[in-house]
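Visitor: Listed below are the residues making up each chain.
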Amino acid sequence: MSSLTIRNLRKSFGSVEVLKGIDIEAKAGEFIALVGPSGCGKSTLLAMIAGLESVSEGEIRIGDRLVNSVAPKDRDIAMVFQSYALYPTMTVRENITFGMESRGVPRPQRDEAVKRVAALLQIEPLLGRKPGQLSGGQRQRVAMGRALVRDPKLFLFDEPLSNLDAKLRVDMRSEIKKLHHRVGKTTIYVTHDQVEAMTLASRIAVMHQGQVQQFDEPQAVYDRPANMFVAGFMGSPAMNFIQTEVGTDTDGRPAVSFKAAGGGTATLALHNGIAGQISTRNVILGIRPEHIFRYSPELKAAKPSIAKVEAPVEMVEPTGAETIGFMRFGDLEVVGRFDPDEAPRMGETITLGVDMSHACLFDPITKNLI
Amino acid sequence: MSTAEVDGGQVGPTWRERLTKASPVLVLVPSLAASFIYIFVFTIWTLYISLSNSSLLPSYDFVGLSNYVSLWSNRRWNIAYSNLFLFSAFYIVGAMAIGLLLAILIDQRVRGEAMWRTIFLYPLAVSFIVTGTVWSWLYNPVDGIQMLVRGLGWTDFNFALASDRNTAIYAIIITGIWQSSGFAMALFLAGLRSVDPDLVKAAQIDGASTFRTYRKVILPVIAPIFLAVAVIQIQFAIKTFDLVAALTRGGPGISTTFPAIYVYDLMFQRGQIGEGAAAAMMMLAALAVVLVPYSFYVVWRRRKENRHD
Chain A
1 MSSLTIRNLR KSFGSVEVLK GIDIEAKAGE FIALVGPSGC GKSTLLAMIA GLESVSEGEI
61 RIGDRLVNSV APKDRDIAMV FQSYALYPTM TVRENITFGM ESRGVPRPQR DEAVKRVAAL
121 LQIEPLLGRK PGQLSGGQRQ RVAMGRALVR DPKLFLFDEP LSNLDAKLRV DMRSEIKKLH
181 HRVGKTTIYV THDQVEAMTL ASRIAVMHQG QVQQFDEPQA VYDRPANMFV AGFMGSPAMN
241 FIQTEVGTDT DGRPAVSFKA AGGGTATLAL HNGIAGQIST RNVILGIRPE HIFRYSPELK
301 AAKPSIAKVE APVEMVEPTG AETIGFMRFG DLEVVGRFDP DEAPRMGETI TLGVDMSHAC
361 LFDPITKNLI
Chain B
1 MSTAEVDGGQ VGPTWRERLT KASPVLVLVP SLAASFIYIF VFTIWTLYIS LSNSSLLPSY
61 DFVGLSNYVS LWSNRRWNIA YSNLFLFSAF YIVGAMAIGL LLAILIDQRV RGEAMWRTIF
121 LYPLAVSFIV TGTVWSWLYN PVDGIQMLVR GLGWTDFNFA LASDRNTAIY AIIITGIWQS
181 SGFAMALFLA GLRSVDPDLV KAAQIDGAST FRTYRKVILP VIAPIFLAVA VIQIQFAIKT
241 FDLVAALTRG GPGISTTFPA IYVYDLMFQR GQIGEGAAAA MMMLAALAVV LVPYSFYVVW
301 RRRKENRHD
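Residue numbers (the numbering used here), protein chains in the order written: chain A, 1 to 370; chain B, 1 to 309.
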């Protein structure tokens, strides 16, 4: 059973079309992340689901009910805002009960619900305080408490972690995940942070320029990005894109070749049966930084799909757990993530092993995955 | 090398550095001195005069509280002082209520918002003298509103608010509200616009009606603005002079005498400077009753906020 269905949804502000036909379906209990750069329309989409923005065209269904013109309060949703939007003059308890009070829920029931939510989020000691007396993380919890207390059909989160500092963000992220696991409500979560989307979501909708570029499970979005935008947006450091020509290597296997740094040509043999699907003379080769290694015979023995290429190292950034190396491939800079023990040294010409089984090929004209 | 140079040449701050440090003080001294003289020195001087037997010219013979005693035994002063409280109460509550209503209406994203704002704010740009004069024509039974409505056919129509000693004070209150509700509106509107729009959205999702959203969420957030508007208007009210002078000149009879008018009268018309100074001190007392608690409240609030940061 689907708990949220969005069909061919469009939104225009004047002559500017910000959403150009969105189709998303969330199954009951799913955690959907809407991710994309700022201005992609993800927050507008969320506001339309909440009923805070009108629908220009298309339909939104919550459960089986068409809610296009239903007021926010009658949609049976709860929302956590980026700014938390806690009522500053009310105590935490009043903040949490305000919605129930507006709906005329009797007092004993309200007290019961507050007790349940406060225990769940461990905010019992804060109930008498005002939002101004809380830290960022505590406000975040209260905002979630206000959403949870309603027991709605749908949870909406609008970049709830972007106002927290880095460490707290990671903590709250795992807490949201645990909470979702425990409560099991359908959740729509807007974020511009692809790590948040990857870690939390059961499915990710990557949005760009008012369109859903890809809507799939996180690992599928990461491994098989639908187009170059998704490939470049998901993952940090970003995927390397190399303009290549399709041909054969010295053994006659299908391969892609490109200009190497020295002026010669580097050739990488293609893996899997992908070569048969290539119809163009040129393709764009996409390689994630973690699929670039320092070449060794043992590596080749362990992973037969490794292809060899030489490149000068231009810069090295150690981060502790891994070392990021910047290599020159012709006129391109290519980024690789190395184990610190095998890290390239600056100025060295390194022999790289590229794991071609994970390579993505893109059509240079449509930019779509081949 | 450069540090050695600095160390070697350093024997104390240079003239330029001293001047830079002293310049904020130098810039502030003239205005501080002027405020000190005009506020504290003259206030203390007035206090002293009020305790002296000054009549046409100041004299410095101490007579104790006799000026205050004769002031409070004067019926006209008692009317003036009670007028002040009546006027202040209605004027402040009325201007704030109408100002808030206008601000909320304009905040509903009406068309031509800038035009409405200008229209309602315009009375403030007109001086009290002009306001008073124009409204005195409107209230005038012979050629004002009464005349206009009678001319339209309602020949029994009576509108002589300002010419009746029992209602003249309300004519002044209405005019005062007309003049300053636009100002209250501007402040309230600025406050409403500063409220985080997410709060309104959250209240919408929480199922609160528009009325409840304003009452429980928005207005409590802008509560400090209510206080600021009230304090600004109270000091307007206590100083009221030109509006009354132009509108009724304290009449009919003495029914719309205000303290400021009375002070002017005693000091510059009747040559009773001592008693006039006593009346002025009573006005100061009325102001202090309002402003001193307010400034304590402001300080208290700032302390409270700092404690939580």
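It should be emphasised that the hints constitute simulated quantities derived from the structure, not laboratory data. The C-beta atom is built at its ideal place from N, Cα and C for all residues, glycine as well. Be aware that a few hints might be false.
Calculated pairs, PhoX-like style, for lysine-lysine (alpha carbon to alpha carbon, straight line, at most 25 Å) [claimed, not checked]:
hint	chain 1	residue 1	chain 2	residue 2
1	A	K185	B	K201
2	B	K201	A	K153
3	A	K130	B	K239
4	A	K153	A	K177
From the structure, some residues in chain A lie toward chain B, with a derived Cβ separation under 10 Å [stated by the list, open to error]:
hint	residue
5	L52
6	I77
7	P88
8	M100
9	G128
Visitor: Tell me, in ascending order, the numbers of any earlier hints that this structure violates.
Guide: 3 and 9
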